[in-house]
Amino acid sequence: MNVNRQFYYLLIFGALLLWNCANNDNPGEEGGGTPDETTTLLILNEGSMGMNNATLARYNLQEDLITKEYFLDVNKRGLGDVANDMLLYGSKIYIAVNKSGTLEVVEATTGKSLRQIRMESTGGQNKEPRRLAAHGGKVYVTSFDDTVTRIDTVSLAIDGSVNVGMDPEGIAIKNNRIYVANSGGLNWANGYDNTLSVINLTSLTEEKKIEVGTNPGTVQTDSQGDIYLTVTGNYGDEPGAFKVIHSGSSTVEIITGIASPQKFVINDNKAYIISGAYGVSNSLVVYDCLEEKIISDSFISDGTEIPIMNNVTVDPVSGDLFVASTDYVHPGDLYCFDKNGKMKYRLTAVGINPSVVVFQ
Amino acid sequence: MRQFIQSVCLLALITSIAPPEAAAQSVSDTIGLPEVVITEQLSDREMRATAPRHILTGDEIGQLNALQLSDAVKHLPGVTIRDYGGIGGLKTISVRSLGAHHTAVSYNGIALSDQQTGQIDIGRFSLDNVEQLTLHYGQDDRIFRPARTFAAASALEITTVAPHFTGESRISGKATMRGGSFGLFNPSLLLNGMLSEKVSATLSGEWMRSRGDYPYLLRYGPSGSDSTSSERRINGDVENMRLESSLHARFTAHSRGDLRLYYYNAERGLPGATIYYNTLQDAGQRLWEKNFFLQGHLAHAFSRRWELQADGKYQRNHLHYLDPTYLGAEGKVEDLFTQYERYGSLSAHYRPFPNLSFAASSDLISATLHANRQGFATPTRLTSHSVIATKWVSERLLVTASLLRTQTFESAEHGVAGTNRLRLSPYLSASYKPLHAHDLRLRAFYKKSFRLPTFNDLYYPQVGVRSLLPEDAEQFNIGLTLGRSPATHLKQITLTADLYHNRVDNKIVAFPTGNLHQWSMVNVGKVIINGADLSLESLMQLTGKIMLQTGGSYSWQDATDRTDPRQVNYGHQLPYTPPHSGSAHASLGFHQLQLAYTLIWSGTRYSNGYNDTAYRMEGYTDHSLSLQQSFSTRLGQLTLIGEALNLAGRNYEIVRNYPMPGRSYRLTLSFHL
Chain A
1 MNVNRQFYYL LIFGALLLWN CANNDNPGEE GGGTPDETTT LLILNEGSMG MNNATLARYN
61 LQEDLITKEY FLDVNKRGLG DVANDMLLYG SKIYIAVNKS GTLEVVEATT GKSLRQIRME
121 STGGQNKEPR RLAAHGGKVY VTSFDDTVTR IDTVSLAIDG SVNVGMDPEG IAIKNNRIYV
181 ANSGGLNWAN GYDNTLSVIN LTSLTEEKKI EVGTNPGTVQ TDSQGDIYLT VTGNYGDEPG
241 AFKVIHSGSS TVEIITGIAS PQKFVINDNK AYIISGAYGV SNSLVVYDCL EEKIISDSFI
301 SDGTEIPIMN NVTVDPVSGD LFVASTDYVH PGDLYCFDKN GKMKYRLTAV GINPSVVVFQ
Chain B
1 MRQFIQSVCL LALITSIAPP EAAAQSVSDT IGLPEVVITE QLSDREMRAT APRHILTGDE
61 IGQLNALQLS DAVKHLPGVT IRDYGGIGGL KTISVRSLGA HHTAVSYNGI ALSDQQTGQI
121 DIGRFSLDNV EQLTLHYGQD DRIFRPARTF AAASALEITT VAPHFTGESR ISGKATMRGG
181 SFGLFNPSLL LNGMLSEKVS ATLSGEWMRS RGDYPYLLRY GPSGSDSTSS ERRINGDVEN
241 MRLESSLHAR FTAHSRGDLR LYYYNAERGL PGATIYYNTL QDAGQRLWEK NFFLQGHLAH
301 AFSRRWELQA DGKYQRNHLH YLDPTYLGAE GKVEDLFTQY ERYGSLSAHY RPFPNLSFAA
361 SSDLISATLH ANRQGFATPT RLTSHSVIAT KWVSERLLVT ASLLRTQTFE SAEHGVAGTN
421 RLRLSPYLSA SYKPLHAHDL RLRAFYKKSF RLPTFNDLYY PQVGVRSLLP EDAEQFNIGL
481 TLGRSPATHL KQITLTADLY HNRVDNKIVA FPTGNLHQWS MVNVGKVIIN GADLSLESLM
541 QLTGKIMLQT GGSYSWQDAT DRTDPRQVNY GHQLPYTPPH SGSAHASLGF HQLQLAYTLI
601 WSGTRYSNGY NDTAYRMEGY TDHSLSLQQS FSTRLGQLTL IGEALNLAGR NYEIVRNYPM
661 PGRSYRLTLS FHL
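Chains A and B are the protein sequences, given in the same order. In case it helps, the numbering used here puts the first sequence at residues 1 to 360. In case it helps, the numbering used here puts the second sequence at residues 1 to 673.
Check before you lean on any hint, since a few could be wrong.
Said to hold, decoys possible - Partial list, computed: chain A residues near chain B (C-beta under 7 Å):
#	residue
1	Tyr70
2	Lys76
3	Gly80
4	Thr102
5	Val105
6	Thr109
7	Asn126
8	Leu186
9	Thr205
10	Lys208
11	Lys209
The set of hints was computed from the structure by calculation and includes no laboratory data. Built from N, CA and C at the ideal position, the CB exists for glycine as well.
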């Protein structure tokens, strides 16, 4: 591309960016121009604790080219230690790096880190950021110092915080409310935590806590405003379960038939839940949120076996489902399934503990 | 790498240009220096050994620029020390890639024990009162020793200075004062006293303190263009104290005994891995240790044919761990562990003919672990070892064979106990001298051994599995040793070369069983190791007054995982196991002056079982230099030593994200009474 063309495109891009920022009260993950077809995958690999080997990999579908150390190549520095979550919001990608105590704000198209936000409490101690959600020009981060922190997506600075229960994990935003699962994971010796915090989005204050069961993990909502969550239990006498709090209600109900649910994702009112029963290969249970019933015990229809599924993500454009596999020690693979559960392709040894995938 | 090989070849070339001479044991007479006599006798023992054995004498250790035990042992071939950096960092020893659990460490003949972790932190031991270090690969040829010493795949023996007196004096000793970079302060005192004709006693005390706050360069990526930042290691301070006392008695010409008391008290910070953008991550973790043992040894020779010995030990280890920054409800993690061990052994030796001898020994060990955890099992393990061994010695042939039987009885105060185990461990070895005129020996050994699951493996909350099997290890070794005393200038040259094939089966690994939070200890690993160890030592008299002692070692290790072909790391080199590594040392002695140079070198290795460029760790070299001057005074000998360590100043890493100190200095002043 010659210089003039580059400059011209930059102008257009800049204009789009400005226009998008001015009109930025789109809910969910709408970007400044949804692509018709996914061309690139950005894969977050959590890494192992204490190893500084969290990575961001980039896979170009058309060229079948993978750059395993994309963040390192672009920014000349590693991502850090244990990156737990990644979110595409607008034109930026937000990455919560748990043990490094940072939040990287990355420009989605170039991979360049625009800001490294230090997530530390007064006194310099690491807040340990975990999971992300976004709404109305703000990004919300749960941290293991029992807080939810709000970051402005224009100034890229922290502009608010609220105290929640112990060791908050999953976070979802719907109908002017933020729902946070208080896992109490670090407090396992004393019985975890068992609540869901309900936070008012506008005032950023906690309205109430709903008792949901021991060690809640992931929270997601459907289009009706029903809140779905997984409760992981205590690996002993209290089992895990998949539960729902219907919109307007304050009590939780168990959805039976799903053994040891782990992470899950809701796309187009269907929940894809990793079921991690002891001793058998993980499977993906599909639950219809509108009809309120399980439609499949195993999404994967072609017999592909994945012993341990670390995470599941759905491409909203194509409906393809991505499952990250791991053995927690060596690099894991990323599987791509079409909406009928047949494997399309598999990327091997992408990184250690591959997790969230973001689409462009 | 090429340069290293070139210099070794050059050294070998120089030292081999000498006319062959008939094997002469008369070298010692012409030199007349006591150290050389000892060295030669011990190197003789190394040469004849049926299984590789490397001995480091006190003087040789003095040439290695070593402060802690781990520094000296790094020079031995086939040894991988996992060193977490600084004086206080954890250091464990693995021999020929079998793993740290398969190496036993003994102190004056009796095993040091840690049933909780199964590993000994050899960084805990200073070299101040160490007279000799011996590393046995496989097994010792001497069969008259406690049954427990036959159990491990390899054994590191630490022998402390025995009381010796010169002339008419009834008191001898040594006082040392050491200081160095990063706040190192280390005084020690050793006193020997002759209480009577038959009894002597020693008293030894040492205190060490170090700030450990060395600067290091934190690299945010592997290539030269990646960003870096200058940091300082925090929370790496160490303070420890050692007190030892022993009584040695020679009751008659045929019986002797000794009693030893040992107390060690240490506090150190655990700096943790250097986490990007958060180097304060483990700023508060602390570890306290209080270790104590009392051990005794009695030996009596009934006749020229019969000998009997008894050993006993009582050990108490206390460990206190604190993490004050843990974000749980209590805001901290605090663990207290106390281990007790009682040990007794009876051994007999029968020598019906000069060439043939038999030995039998039986040991009983009782170990208990207490912890401050809620509902902790408080396990006890009773282990019984019984061995029968035989040895044939002649001028040309040396053969040893042994069979060890081990039985464990597990019990626990709460909950289910581990499964009792019974194991038989055979051993066979031989060395043969084919040519009469040359000191060349061929050797081979086979050993089958095992290591029991540790208390952590069995009882750790949520992860421990009671039914774990022991890990099995098999070793095959063939090698040769060559010793020559060729010329007046080249006093001695020795070469050892060994090829080995090891297997580990039922390796105990932590395995995720369904999700990140449900791990389990499983006997699932299989490892196959092929390797070669080479060592070369030479002693040269350059002129009438100048002695040059040089040596080097080289190791090749091909240690691959063979657990499951479906796993991505199948056939890959084990993490932290460099295929190529080596060491070298040279010491020039002129009257009372000594200049010593040492080199520790490692090739590339991987920090993950999956050998990808993303996990490749570059090789490193660690050069050190020291100058030592002794003065003879009326009262005794005064020695001044100045050392410069890691001359290249690079913060290399043995374990990923645990940098070593860069260039540092030490000054030691010691006075021998």
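To see whether the hints hold, each was checked on the structure:
1. Tyr70: Since the shortest Cβ distance to chain B is 12 Å, the answer is violated.
2. Lys76: holds (5 Å)
3. Gly80: This hint holds: A:Gly80 lies near chain B, its Cβ roughly 4 Å from the closest one there, short of 7 Å.
4. Thr102: holds (5 Å)
5. Val105: violated (14 Å)
6. Thr109: Given a least distance of 22 Å, the restraint on A:Thr109 is violated.
7. Asn126: holds (5 Å)
8. Leu186: holds (4 Å)
9. Thr205: violated (23 Å)
10. Lys208: violated (21 Å)
11. Lys209: violated (16 Å)
Of the hints listed earlier, those the structure fails to meet are numbers 1, 5, 6, 9, 10, 11, in rising order.
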